Amino acid sequence: MAYQANTVFTRPASLSETITHYCPGCTHGIIHRLVAESLDELGLRERAVGVAPVGCSVLIYNYFNCDFLEAPHGRAPALATGFKRIRPDMIVFTYQGDGDLASIGMGEIVHAANRGEKFTTIFVNNAIYGMTGGQMAPTTMPGQRTTTSPAGRDVDLAGYPIRMAELLSTLRTPAYVARTSVHTPMHAVQAKQAIKKAFRLQKENRCFSLVEVLSTCPTNWGIAPSDATRWLAENMLPYYPLGVFKDPEREEATS
Amino acid sequence: MAKKLMKGNEAIGEAAICAGALNYFAYPITPQSEVAEYLCWRLPEVGGTFVQAESEVAVGNMLFGAAASGKRVFTTSSSPGISLMQEAISYIAGAQLPVVFVNIMRGGPGLGGILPAQSDYFQAVKAGGHGDYHLIVLAPSSVQEAVDLMILAFDLADKYRNPVMLIGDGMIGQMMEAVEFPEEHRKPNDPTGSDWALTGAKNRKARITKSLFLDPVMLEENSFLLAEKYKTIKKNEIRFEKYKVTDKNRILIMAYGTMARICQTAIDELEQEGISVGLFRPVSLYPFPEQDIFTESTRKNIEKVLVVEMSVGQMIEDIERCLKGQREIDFYGRTGGIVPTPNEVKDKVRQMLGIKK
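Protein chains in written order, with my numbering: chain A, 1 to 255; chain B, 1001 to 1357.
By construction, these hints were calculated from the structure, which means they are not laboratory data. This structure is a prediction, so every number in the text was calculated from the model and none was measured. Careful, some of the hints might be misleading.
Stated by the list, open to error - If you want the ones that stay clear, here's a sample from chain A, every Cβ over 12 Å from chain B, calculated:
{"no.": "1", "residue": "11"}
{"no.": "2", "residue": "22"}
{"no.": "3", "residue": "46"}
{"no.": "4", "residue": "81"}
{"no.": "5", "residue": "84"}
{"no.": "6", "residue": "111"}
{"no.": "7", "residue": "134"}
{"no.": "8", "residue": "188"}
{"no.": "9", "residue": "231"}
{"no.": "10", "residue": "238"}
{"no.": "11", "residue": "251"}
To be verified - Okay, derived cross-link-like pairs now, DSS-like style, lysine-lysine, Cα gap no bigger than 27 Å in a straight line:
{"no.": "12", "chain 1": "A", "residue 1": "196", "chain 2": "B", "residue 2": "1126"}
{"no.": "13", "chain 1": "A", "residue 1": "203", "chain 2": "B", "residue 2": "1210"}
{"no.": "14", "chain 1": "B", "residue 1": "1159", "chain 2": "B", "residue 2": "1248"}
{"no.": "15", "chain 1": "A", "residue 1": "197", "chain 2": "B", "residue 2": "1202"}
{"no.": "16", "chain 1": "B", "residue 1": "1324", "chain 2": "B", "residue 2": "1300"}
{"no.": "17", "chain 1": "B", "residue 1": "1357", "chain 2": "B", "residue 2": "1244"}
{"no.": "18", "chain 1": "A", "residue 1": "203", "chain 2": "B", "residue 2": "1205"}
{"no.": "19", "chain 1": "B", "residue 1": "1126", "chain 2": "B", "residue 2": "1159"}
{"no.": "20", "chain 1": "B", "residue 1": "1356", "chain 2": "B", "residue 2": "1244"}
{"no.": "21", "chain 1": "B", "residue 1": "1202", "chain 2": "B", "residue 2": "1248"}
{"no.": "22", "chain 1": "B", "residue 1": "1126", "chain 2": "B", "residue 2": "1202"}
{"no.": "23", "chain 1": "A", "residue 1": "196", "chain 2": "B", "residue 2": "1324"}
{"no.": "24", "chain 1": "B", "residue 1": "1357", "chain 2": "B", "residue 2": "1300"}
{"no.": "25", "chain 1": "B", "residue 1": "1234", "chain 2": "B", "residue 2": "1244"}
{"no.": "26", "chain 1": "B", "residue 1": "1234", "chain 2": "B", "residue 2": "1205"}
{"no.": "27", "chain 1": "B", "residue 1": "1244", "chain 2": "A", "residue 2": "203"}
{"no.": "28", "chain 1": "B", "residue 1": "1159", "chain 2": "B", "residue 2": "1244"}
{"no.": "29", "chain 1": "B", "residue 1": "1248", "chain 2": "B", "residue 2": "1126"}
We treat Cβ as the ideally placed atom computed from N, Cα and C, and that holds for glycine.
Whole structure, please, built from the sequences with the hints as guidance.
Listed below in structure tokens is the structure:
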């Protein structure tokens, strides 16, 4: 029997052929791919506009093959609002880290979600500031050592980590809000489902959608890549439970 | 079209619609909230977009995103609000996007007051945000001129892909005057075929709108590119008006905006007393009419130059720069919401000339 070679895995058309600058063991690459696959599968690439954050993924526009805007730190949801209001026919998404979204950009994300702006936010939470060299973020775990909390996060002074998915799901305005992770292949598959659903809801002009993705930062956590996925599972998962916190389709089914 | 009696703030909103600018993002602040109150119902009537943002920081950044669509976008605010927009203004200048900002100035610093002032000259003209950049800055002295310059502002923003700021003191916004709008409204921009607007990477390469250049060579290149653009703007877009400038003038007054109109009254009344004074009114504050100011101020008959502002003295620094020490410059200014009266200007002129009343 002759073997026939079939292509079973390719680079998504929404990703460009560029080598990323991400550190070994960082999961930004996986998350980029999940976003790109979703855009491809829903046929959205040619009308997609991404909004890049300030943080490790600031250069995301080099890795995607769609139009991009580069926002000031934390302001991506405001840029996305401005663009999407004028071009509701386009597919707009922001890609933001936890320093960008949960600290300096807290106002912009809360109000964009509350207005029900019909764009999608991919919120990558690795519990630390990566690009600036591992400082404490609003999402840093209690006791976690960072370059600005060398003795560990002191909750008496810095409070407890902010749970963005939960916070945003308290808003009355319909939205899709989910928290996922990519520390195992199974979790990556589930994250893909949530990301794709978020884009589908935007395609259907339904609502604001946000998918939080727990992510690793071995470089700034100061541990090996192989230990980072375990650290995430042991430390972040109990505090940041995975799941869908708000879903317009579920709300419709139960109302 | 027949003249209409209109408040400056509302006329500015209507002028934008005439210019085909149907996308407005704003946050309420005195003394210009009437613009938002007008446009919140007027824009939907003409198929436009009105968004009340959560802050002026968000307004600036919504404009950044919105301008990338290639459509005409704008906001109006007042001094403290404009301060909050400086972040976005710097990014918009760096990314070379056309946006029109209107600052109906009130007194500062800080929360200051809510009455008219001209104390944001430095912020507008010298680039209030970080980095090497300039806005095109226009200063109307009447409601009609605010309408005309508003329309021009959108044309200049598109022509140079540069943010433009219209600065008027609180009086321009609050005063009612008869105004005339152009008969025909411009059609909104069609970004199809634009070589820079974000329209989706269909049958073309992906486009990136950004101000980030990590490679110093490329950042310098971008800054040089901007500098070249500002040179062209300086060459093409200088605007000013002269009032009663003759070879009899002993004093030349420099003033802009509403302050210039008050000076006109003073000049008319001084003329009755036999004191000849002229007025030079810069309309474009950036580019600044440097050469014309030098030429007019250094005519043989001009003994002294008087700068009058509703501030403690900001434009005067540019006048000093232009005159290169060739004439004595004096200053009269009131601020904090106190507006110099024609009598105060007249007294100052008499004092400069050593004339007793």
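Here's how the hints hold up against the structure:
no.: 1; hint: 11; in the structure: 15 Å, holds
no.: 2; hint: 22; in the structure: 15 Å, holds
no.: 3; hint: 46; in the structure: 4 Å, violated
no.: 4; hint: 81; in the structure: 5 Å, violated
no.: 5; hint: 84; in the structure: 8 Å, violated
no.: 6; hint: 111; in the structure: 4 Å, violated
no.: 7; hint: 134; in the structure: 20 Å, holds
no.: 8; hint: 188; in the structure: 25 Å, holds
no.: 9; hint: 231; in the structure: 30 Å, holds
no.: 10; hint: 238; in the structure: 33 Å, holds
no.: 11; hint: 251; in the structure: 25 Å, holds
no.: 12; hint: A/196 to B/1126; in the structure: 47 Å, violated
no.: 13; hint: A/203 to B/1210; in the structure: 26 Å, holds
no.: 14; hint: B/1159 to B/1248; in the structure: 40 Å, violated
no.: 15; hint: A/197 to B/1202; in the structure: 23 Å, holds
no.: 16; hint: B/1324 to B/1300; in the structure: 16 Å, holds
no.: 17; hint: B/1357 to B/1244; in the structure: 22 Å, holds
no.: 18; hint: A/203 to B/1205; in the structure: 22 Å, holds
no.: 19; hint: B/1126 to B/1159; in the structure: 21 Å, holds
no.: 20; hint: B/1356 to B/1244; in the structure: 23 Å, holds
no.: 21; hint: B/1202 to B/1248; in the structure: 66 Å, violated
no.: 22; hint: B/1126 to B/1202; in the structure: 40 Å, violated
no.: 23; hint: A/196 to B/1324; in the structure: 65 Å, violated
no.: 24; hint: B/1357 to B/1300; in the structure: 26 Å, holds
no.: 25; hint: B/1234 to B/1244; in the structure: 26 Å, holds
no.: 26; hint: B/1234 to B/1205; in the structure: 34 Å, violated
no.: 27; hint: B/1244 to A/203; in the structure: 63 Å, violated
no.: 28; hint: B/1159 to B/1244; in the structure: 33 Å, violated
no.: 29; hint: B/1248 to B/1126; in the structure: 34 Å, violated
Hint compliance for this structure: hints 3, 4, 5, 6, 12, 14, 21, 22, 23, 26, 27, 28, 29 are not met, and every other hint is.
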